[in-house]
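There are 4 protein chains.
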Amino acid sequence: MATATLSKEMLDAHPWPGEIDRDVLARCIQECVACAQSCTACADASLAEEDVVDMRRTIRLCLDCADICEATGRVLTRQTDFEARLSKTQLSACRQECASCAEECERHAEHHEHCRICAEECRRCEEACSALLEAME
Amino acid sequence: MATATLSKEMLDAHPWPGEIDRDVLARCIQECVACAQSCTACADASLAEEDVVDMRRTIRLCLDCADICEATGRVLTRQTDFEARLSKTQLSACRQECASCAEECERHAEHHEHCRICAEECRRCEEACSALLEAME
Amino acid sequence: MATATLSKEMLDAHPWPGEIDRDVLARCIQECVACAQSCTACADASLAEEDVVDMRRTIRLCLDCADICEATGRVLTRQTDFEARLSKTQLSACRQECASCAEECERHAEHHEHCRICAEECRRCEEACSALLEAME
Amino acid sequence: MATATLSKEMLDAHPWPGEIDRDVLARCIQECVACAQSCTACADASLAEEDVVDMRRTIRLCLDCADICEATGRVLTRQTDFEARLSKTQLSACRQECASCAEECERHAEHHEHCRICAEECRRCEEACSALLEAME
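Residue numbers (this note's numbering), protein chains in the order written: chain A, 1 to 137; chain B, 1 to 137; chain C, 1 to 137; chain D, 1 to 137.
By construction, these hints were calculated from the structure, which means they are not laboratory data. What you are looking at is a predicted structure, and each value in this text was computed from that prediction instead of being measured. A portion of the hints provided could be inaccurate.
One copy or two, it doesn't matter: identical chains are merged, so the pair holds either way.
To be verified - Straight-line distance between alpha carbons at most 20 Å, and here's what the computed EDC-like set of lysine to aspartate or glutamate pairs gives:
id	residue 1	residue 2
1	Lys-8	Glu-127
2	Lys-88	Asp-54
3	Lys-8	Glu-50
4	Lys-88	Glu-103
5	Lys-8	Asp-21
One chain only, chain A, in its complex shape (with noise of 0.2 Å):
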């Protein structure tokens, strides 16, 4: 089952689901754990380049960037006693790291297949933390 489809079921099955668009919010969730996946998998790649002298930028931001995404998706998955206002601070660190970490790996995007996908990536988590911040006005 693709994680997406997962989290919207998940969503659902929960006996007090939080006020918040739940499309919107599955949506952020998928992304939170696809970028620190992909992250994750770009830090040991970019690792294993011939040019990694030059990937340690990039290395150091995929690793925050993971670490910083799975927690915010582990928060934004809990709807016990849902609070936006918790939420929206990290959710604000999030889509700033994934912005940070797009534009590092964007620039090996030619050179290095996975900074490419990282970087597609990182953009749409960038996007789903943006439009969840929205839902939460």
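Guided by the hints, dock chains B, C and D onto chain A, whose structure is given.
Frame of chain A, contents of chains B, C and D only:
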């Protein structure tokens, strides 16, 4: 993009991919990520149920399973200097945890839809771990 | 070895340590790690209490706080290509989460010793985040 | 407060503490948390070294070890419905990972102080896992 496709694409883009069958590996990474997500959601939904007192064991096992699946998914994603020997024990721990969590969630599957979905995801992850352990022989 | 000493020793051993006051930074890393540990334990102890129904909000906030503190501790630990700008939003999210979790745990501090200890640890982490944010100005 | 004292205090405050020797358990939780912290820092410091090309294996093992120690520390912290059987495989995986990471860091201990500190912390965690596995027999 579904996490499954993403995992496979990222493995293919690694400069030194390991020697394990990449379809089996990508499927296992995908299921670890999906199972972590499902268990985080099921622990939270169980906490909100009226019969939370009877759900304590489920919550505890789901929290453990989420942590173990997340760590296992990260370890399996890394292909640099991959050594099957090192991943095997973690993979066995993950398989065992998924089986225990599935067993407990199955006990609540009839009255809680989130437990039914979570039990199925845990079983899929258990099978994917078994398949990867076999591919590593 | 206490985590505090370890964090400081590891920062001192980095080939390109960042420009931030290392004592303030090491203290914040230490408190993030300790707070994640305390919140994981308090969520679990609260789940086992007879009044678990009244502890739902505590459990949810402790689980979030553990995830956010852990991610923040990892991000702050990384000194390669350190950029204060990037860590600040995550640090603010962590400070806010610690404050919310402390507030809720304080409400239960008289009847649950684990909540009293956890609230104190959350307040120490909140202060350490504030001190580091000031040092980053 | 040092993490060691915190872990012990929190275990003592649990309404249904497990049957395992709490000093041995608290020490193992503390070492898992400290080892995760040390490995995150050592991976990052190794990435910044001039000989990063020779540090790839260390970085990979440190990242894995951090993830596995963190998950193991969380699982061991949970006392609700504790079952030694379930923790044992994870604990064995953690001990094996710490041993492998220590071995690799020891190879770089003479020229990189962070590897020397990290190798010592990994060995302490390996021993604490062994002691807890023995206490669980």
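Q) Which hint numbers doesn't this structure obey? A) 2 and 3
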